[in-house]
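My request is simple: use the sequences and hints to build the entire structure.
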Amino acid sequence: MRLAKIVACLAVICVLGAARLGLAAGETIKVGILHSLSGTMAISETTLKDVMLMLIEEQNKKGGLLGKQLEAVVVDPASDWPIFAEKAMQLLTQEKVDVVFGCWTSVSRKSVLPIFEENNGLLFYPVQYEGQESSKNVIYTGAAPNQQSIPAIDYLINDLGVKRFYLAGTDYVFPRTSNKIDEAYLESKGVAKEDIIVNYTPFSNSDWQSIVAEIKRFGSEGKKTAVVSTINGDANVPFYKELANQDVTADNIPVIAFSVGEEELSGIDTGPLVGHLAAWNYFQSVENPANEEFIKNWHAFIKDEKRVTNDPMEAHFIGFNLWVKAVEKAGTTDVDAVLKAIVGLETPNLTGGTAKLLPNHHLTKPVLIGEIQSDGQFQVVWETDKEVEGDAWSDYLPESADLIADWTDPVNCGNFNDKTKACGGAEAPAAAE
Amino acid sequence: MANATARLWIRLSLWPRLNLWPCLGLAALLGLVCLAGLVGLAGQLGADESQAEAGQVEVSAAEGGSGAEGVSPAEGVPPAGTGGGGGALAPEVTESLASSKVNDRDAAIEALSADPSDGTTEILRALLEGRLMTERATKGLFIRDGDGGLLDLTTGERLAGDGKNNLRKVGINNRQREGLVSAINNRTLLNPDPSVRRRAAAGLVASKNVDLGLISGLLERETDPVVAKGYRKILAMGTLQNPEAPADEVVAALGFLGENLTPEAREYMRNRAGSDEATIAAAASAAMASQDSQLEHIAFFETVFFGLSLGSVLVLIGIGLAITFGVMGVINMAHGEMVMLGAYSVWALQSLMPGQAGLALILAVPVAFVATGLVGAILELTIIRHLYSRPLETLLATYGVSLILQQAVKIFISSNNRSVETPAFMSGLLYLSDHLTVTYSRLYIIGFCLVVFLTINLVMRRTRLGLQVRAVTQNRPMAQAMGVNSRRVDTFTFVLGSGVAGMAGVALSQLTNVGPNLGQSYIVDSFMVVVFGGVGNLWGTFLGGLIIGMANKFIEPINGAIMAKILIMVGIILFIQRHPSGLFPQKGRAAAL
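Keeping their order, the protein sequence lines are chains P and Y. Once you know that position 366 of the first sequence is 366 in this note's numbering, the rest is easy, because the numbers rise by one and skip nothing. Numbers in this note's numbering are just positions in the second sequence, counted from 1, shifted up by 1000.
Some clues are possibly wrong.
Below, computed lysine-lysine pairings styled on DSBU-like, alpha-carbon distance capped at 30 Å [unchecked claim]:
1) Lys1139/Y to Lys110/P
2) Lys1139/Y to Lys296/P
3) Lys303/P to Lys1139/Y
4) Lys306/P to Lys1101/Y
5) Lys193/P to Lys1565/Y
6) Lys1169/Y to Lys306/P
7) Lys1101/Y to Lys356/P
8) Lys1101/Y to Lys110/P
9) Lys224/P to Lys1101/Y
10) Lys1169/Y to Lys296/P
11) Lys306/P to Lys1565/Y
12) Lys1229/Y to Lys163/P
13) Lys224/P to Lys1229/Y
14) Lys296/P to Lys1410/Y
15) Lys1169/Y to Lys224/P
16) Lys180/P to Lys1229/Y
17) Lys1139/Y to Lys306/P
18) Lys386/P to Lys1169/Y
19) Lys223/P to Lys1229/Y
20) Lys163/P to Lys1139/Y
21) Lys1139/Y to Lys386/P
22) Lys386/P to Lys1410/Y
23) Lys216/P to Lys1229/Y
Bear in mind the hints are in silico, worked out from the structure with no lab data behind them.
Here it is as structure tokens:
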């Protein structure tokens, strides 16, 4: 009796296992999705998971890829950086996915980086970031600093005549690196040291009274002043509320933000914020047939007309299309073959231009400056004439000025020193001996 | 075989001792939250529909408040097309306004600014306030007025608000906005209402291109002293900018600007301080020194106010905890979520009553008290009551409750933040002097904090419930012996503590994110305040909150926000080392616990 039960159980397990193996044995191509679905980052990252599911569904409707259906493998790293590494490991070694789309914060990317390099995985990273990095196994579909903060500062100086800069940021790697680059760039533009203030605040800072008062004082001394904000996440709402409370409006002191998009604005009463700025490579309000279709599909998929689209969603759209093209070109999902095929590929973006993948694993992107409107959308007030090439290593910091990344032969290096013609910066000469 | 039976007997004998109440309580709470969520969802759907209907009116009202200052949106000024007498707008103006590119707007703004008729003022104002609409297909232009109607600029006809769909707002950028504000300010300098002129004059002090001749002409006719002072500042700044101005005039201007704080003139003063003429250089340095000392005083006063307002927020979130943790000894990790639920009640009421943000906010105070009090009652009756003698289990159970509540909000409302409107009476600044301002919202919160604190104090000192609570706190067995139903007192105390947390949430909804994580960011702060102030003492919480707030704001300008937090934490740890029971240690038997 007991024996019979055990045998039955074993039989069931075997059948299930065989079915699973059979499925994995070549019926589908697995796409890993590594975005936090719980914790602080869930607000932003859940949307990206949804947009990936939408893109995969659309691709499957078109007949899949290489004659196979795509299968999404969704994991939840729970906004916890060590769990990001664990889940990445699980995706690559247990699930054996062919590609991973994921991460938002720079710390999460840094924590999965060694895993992807060790296991030769492929990660598409969709968020604007601080640069100073290039990995063979990562495709950076978000903006590098020269595709966001540098053009934004040019706009402030040239178009708005700004002479003083208050750099406000949350205390972690992206704002600190980004501000370092911005400061160096401002000094190269002849802005005096006393006209720049850099200020860092903790994550989810909620009391902005003193800082806004300081901004107000700094801006009242007769020179046109702007705030360059790398404030991230939850802290933005109380910051903008305090600005409105203390009557800091866009016409006296404009705030240009690098981490505030449509999604973030949907939680704020935007009436008092009209005219404050943001720099991105995509806005939902851009009038363009491709964009309108994307928005229509998104609303149909998520079944909510009020949901907004934003820049990282466009990055996933571009990244996914590039990967599909590369796989088709290579005829396989093998990472090395895909990486070889993907460099130089082009795909239309959603703002009417084309995104081209460069040898340094960054994209060409247009830079748009938008002003916040009372309906929570942005209105483009300035844009670059053509797409800007993403630069992994900033030219404005002395330690990285000579570095370039090039993942094509013969260089094949993430930090190639153009002057010494050596890979790996300072370490390379020793290796050459 | 015998072994197995023995094991079963052991398990059975343990059964009655295992207290399953907490588990049942958690399950019941979960069920209730789900139910509430569904009801909320249904309400939300209904509210969305009614909001959509009222949406248009609301949008135009909100924009009217944010754009031009103090100018009422529709004053019945005839548009250029009808009253201006010149027929329709010039075609190139229409073309430039209807274009989809913002930068094309420059030409129209220039042309309209040059034409001083009332009709153009109205168009400029509509453009600034985002009430100028265009129909892409026909290039028609319309002004939306306060009550949702549309005014067709080409025909001069008035249409009902829903007569046209497919309208897009004519967008402008910051540079154009600045130009519009100064063009409108220049025109409103002749407005009969002095308060409108005051704003216009203040706007002109900050702007760069002013017609000085016009200003001096206006100054002679001006009767309002504040406006006149604004004009004098503008003229004095004009003198400083003019390199040919005679020395005595420059000195007089510097003296005037030094006495009457004008930070905008700083740059010109700095230039004059390096002047070759000794009298001018000395006057400039004196003016700058006088400005500096005035600014220092202002900064000091501001810091005190900021400290008070941060302190009052800390006190508000601390009072509820002081009651539950301090008086009852319950470590309630779900306290932060009570605050969050209070904040959500503001959102719920505002979406149920679109267009009446202020009334909804005021109503939210009692609603939040009742709603969170109810959740508190359920929590107490089902979980905490069964765990009174086991503080560690209470901690874990309430932590579980806090996670359940957070997740429930994420599932049934949204994981995104909800937008809560600030009503008109709470937005804006109170001008104590030209340059010393305090924000109304913070002022209201300080007042609210005082009212809540005094009320709770009265309840504790003057009512029967308060007497019983204090009796139970001091000596439970003795109170029971005197006929106090200590269980009922516990329930009421917990309800009171939770309700107060909900009211704190109403205040916080005006300052920060209304989202599922709201509570978490304040739970540490509130424990800090209660422990620092002295467990079980309301006055301790009050003073503790204010001291922490003040200290934070005085350290912040010197060392930055991050260092301020660290220093405060270290300070409190050191203080607790010396005085383990906080600022106001409890006396009597309870102190021994």
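Each hint tested on the structure:
1. About 51 Å separates the Cα atoms of Lys1139/Y and Lys110/P, which puts this hinted pair outside 30 Å; it is violated.
2. Between the alpha carbons of Lys1139/Y and Lys296/P the distance comes to roughly 26 Å, so the proposed pair stays at or under 30 Å and holds.
3. Between Lys303/P and Lys1139/Y the alpha-carbon distance is near 33 Å, which puts this suggested pair outside the 30 Å criterion.
4. Taking the CA atoms of Lys306/P and Lys1101/Y, the gap is about 25 Å. The hint holds against a cut of 30 Å.
5. Between the alpha carbons of Lys193/P and Lys1565/Y the distance comes to roughly 27 Å, so the proposed pair stays at or under 30 Å and holds.
6. Of the pairs offered as hints, the one joining Lys1169/Y and Lys306/P holds, with about 19 Å between alpha carbons and a cut-off of 30 Å not exceeded.
7. About 26 Å separates the Cα atoms of Lys1101/Y and Lys356/P, which keeps this hinted pair within 30 Å; it holds.
8. A hinted pair counts as satisfied when its Cα atoms are at most 30 Å apart, and Lys1101/Y with Lys110/P does not qualify at roughly 40 Å.
9. With a CA separation close to 25 Å, the supplied pair Lys224/P and Lys1101/Y stays within the 30 Å bound.
10. Taking the CA atoms of Lys1169/Y and Lys296/P, the gap is near 21 Å; set against the 30 Å cutoff, the hint holds.
11. Taken as a hint, the Lys306/P and Lys1565/Y pair is broken in the structure, with Cα atoms around 38 Å apart against an allowance of 30 Å.
12. Taking the CA atoms of Lys1229/Y and Lys163/P, the gap is near 28 Å; set against the 30 Å cutoff, the hint holds.
13. Between Lys224/P and Lys1229/Y, the direct Cα distance comes to roughly 23 Å. Compliance with the 30 Å bound is thereby established for this hinted pair.
14. For the hint linking Lys296/P to Lys1410/Y, the alpha-carbon distance of about 25 Å falls within 30 Å, and the restraint holds.
15. Between Lys1169/Y and Lys224/P the CA atoms are separated by roughly 28 Å; this keeps the pair inside 30 Å, and the hint holds.
16. Simply put, Lys180/P and Lys1229/Y have alpha-carbon atoms about 43 Å apart, too far for the 30 Å limit, and the pair is violated.
17. Between Lys1139/Y and Lys306/P the alpha-carbon distance is near 28 Å, which keeps this suggested pair within the 30 Å criterion.
18. Of the pairs offered as hints, the one joining Lys386/P and Lys1169/Y holds, with about 27 Å between alpha carbons and a cut-off of 30 Å not exceeded.
19. A threshold of 30 Å between alpha carbons decides the hint, and for Lys223/P with Lys1229/Y the separation of about 22 Å falls inside it, so the pair holds.
20. With a C-alpha separation of about 38 Å, the suggested pair Lys163/P and Lys1139/Y falls outside the 30 Å cut-off, and the hint is violated.
21. Between Lys1139/Y and Lys386/P, the direct Cα distance comes to roughly 29 Å. Compliance with the 30 Å bound is thereby established for this hinted pair.
22. Pair hint Lys386/P plus Lys1410/Y does not hold up; C-alpha atoms about 41 Å apart against a cutoff of 30 Å.
23. A C-alpha spacing of about 22 Å is found between Lys216/P and Lys1229/Y, which places the hinted pair at or below 30 Å, so the restraint holds.
The structure fails to meet hints 1, 3, 8, 11, 16, 20 and 22 from the earlier list, while all remaining hints are met.
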